[in-house]
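Start from the sequences and build out the full structure, keeping to the hints where you can.
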Amino acid sequence: MMTIATRKLRKSGLTTVAAYFVIFGASFYANYRLQPTGALLWVLATLPVVPILGVIVLFGRYLRDERDEYKRDLTMRCLLWGTAGCVAVTMLESYLRIYGWKGEFPPFTAFWAFFVFMMAAKLTYNAQNKVPTDE
Amino acid sequence: MNNRLRVLRAEKGWSQADLADKLEVSRQSVNAIETGKYDPSLPLAFKLARLFERKIEEIFEDNV
Numbered sequence: 063m064m065t066i067a068t069r070k071l072r073k074s075g076l077t078t079v080a081a082y083f084v085i086f087g088a089s090f091y092a093n094y095r096l097q098p099t100g101a102l103l104w105v106l107a108t109l110p111v112v113p114i115l116g117v118i119v120l121f122g123r124y125l126r127d128e129r130d131e132y133k134r135d136l137t138m139r140c141l142l143w144g145t146a147g148c149v150a151v152t153m154l155e156s157y158l159r160i161y162g163w164k165g166e167f168p169p170f171t172a173f174w175a176f177f178v179f180m181m182a183a184k185l186t187y188n189a190q191n192k193v194p195t196d197e
Numbered sequence: 036m037n038n039r040l041r042v043l044r045a046e047k048g049w050s051q052a053d054l055a056d057k058l059e060v061s062r063q064s065v066n067a068i069e070t071g072k073y074d075p076s077l078p079l080a081f082k083l084a085r086l087f088e089r090k091i092e093e094i095f096e097d098n099v
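Chains as they are written, first to last, in the working numbering: chain A, 63 to 197; chain B, 36 to 99.
Everything labelled a hint here was simulated from the structure, so no lab data went into it. Any given hint could turn out to be false.
Quick list of simulated restraints, FRET-style, between CB atoms [said to hold, decoys possible]:
{"#": "1", "chain 1": "B", "residue 1": "L77", "chain 2": "A", "residue 2": "I66", "range": "20 to 28 Å"}
{"#": "2", "chain 1": "B", "residue 1": "V42", "chain 2": "A", "residue 2": "E131", "range": "17 to 25 Å"}
{"#": "3", "chain 1": "B", "residue 1": "T70", "chain 2": "A", "residue 2": "A101", "range": "53 to 61 Å"}
Partial pick of chain B residues on the chain A-facing surface, computed with a CB cut under 7 Å [to be verified]:
{"#": "4", "residue": "N38"}
{"#": "5", "residue": "V60"}
{"#": "6", "residue": "N66"}
{"#": "7", "residue": "T70"}
Predicted model, so just to flag it, every value in this text is computed and none were measured. The C-beta atom is built at its ideal place from N, Cα and C for all residues, glycine as well.
Rendered as structure tokens:
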């Protein structure tokens with residue numbers, strides 16, 4: 063059973079992700095055409111970040127609105143796993159650089175780590191909490 | 036924390052879904068509480084106590 067808060071999160075989440083792709087596309091195209099430097103470069107790079115932060119805000123609203131405390135608890139755990147993945151990758155890259163590594167991770171590695179860790183946690187919790195046939 | 040939720044629910048003849056509806060939570064939550072995977076908050080424990088007309092300590096048993 064999907065709660066009202068979950069339905070709201072899915073609906074607004076899909077809209078925000080769609081907005082992300084539109085904004086990212088526009089920002090990428092503008093960067094390609096204009097080859098900006100200075101303030102405009104910063105603005106173009108900041109634009110796709112806004113909907114990503116929007117998704118975090120949506121999760122915050124979900125946690126506020128969700129009346130099922132167990133589901134809230136599971137969501138918090140998934141978000142923490144995601145954060146752990148993101149922090150781990152960021153810290154690993156930083157230490158590698160401190161220790162003299164000259165390379166760098168591909169763009170968005172930390173973001174993907176967040177996503178992969180969060181989804182892995184969600185799938186694990188879903189498998190662990192599969193409810194048996196009702197008695 | 037151990038609990039007698041499954042027994043009390045059976046006495047009332049309610050399914051997990053019935054109890055979930057009455058508590059306004061998911062069936063997943065009821066199952067997690069019954070199997071001891073999750074300990075409910077105090078407000079939810081009071082809600083359960085009111086629903087079964089029992090004291091909280093008659094439903095939940097501290098393992099200490």
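Going down the list of hints, with the structure as the test:
1. L77(B) x I66(A): 20 to 28 Å: holds, 23 Å
2. V42(B) x E131(A): 17 to 25 Å: holds, 23 Å
3. T70(B) x A101(A): 53 to 61 Å: holds, 57 Å
4. N38: Since the shortest Cβ distance to chain A is 14 Å, the answer is violated.
5. V60: Hint on V60(B): holds, closest Cβ of chain A at ~5 Å, below 7 Å.
6. N66: At 5 Å from the nearest chain A Cβ, N66(B) passes the 7 Å test, so the hint holds.
7. T70: This interface hint is violated because 9 Å lies over the 7 Å limit.
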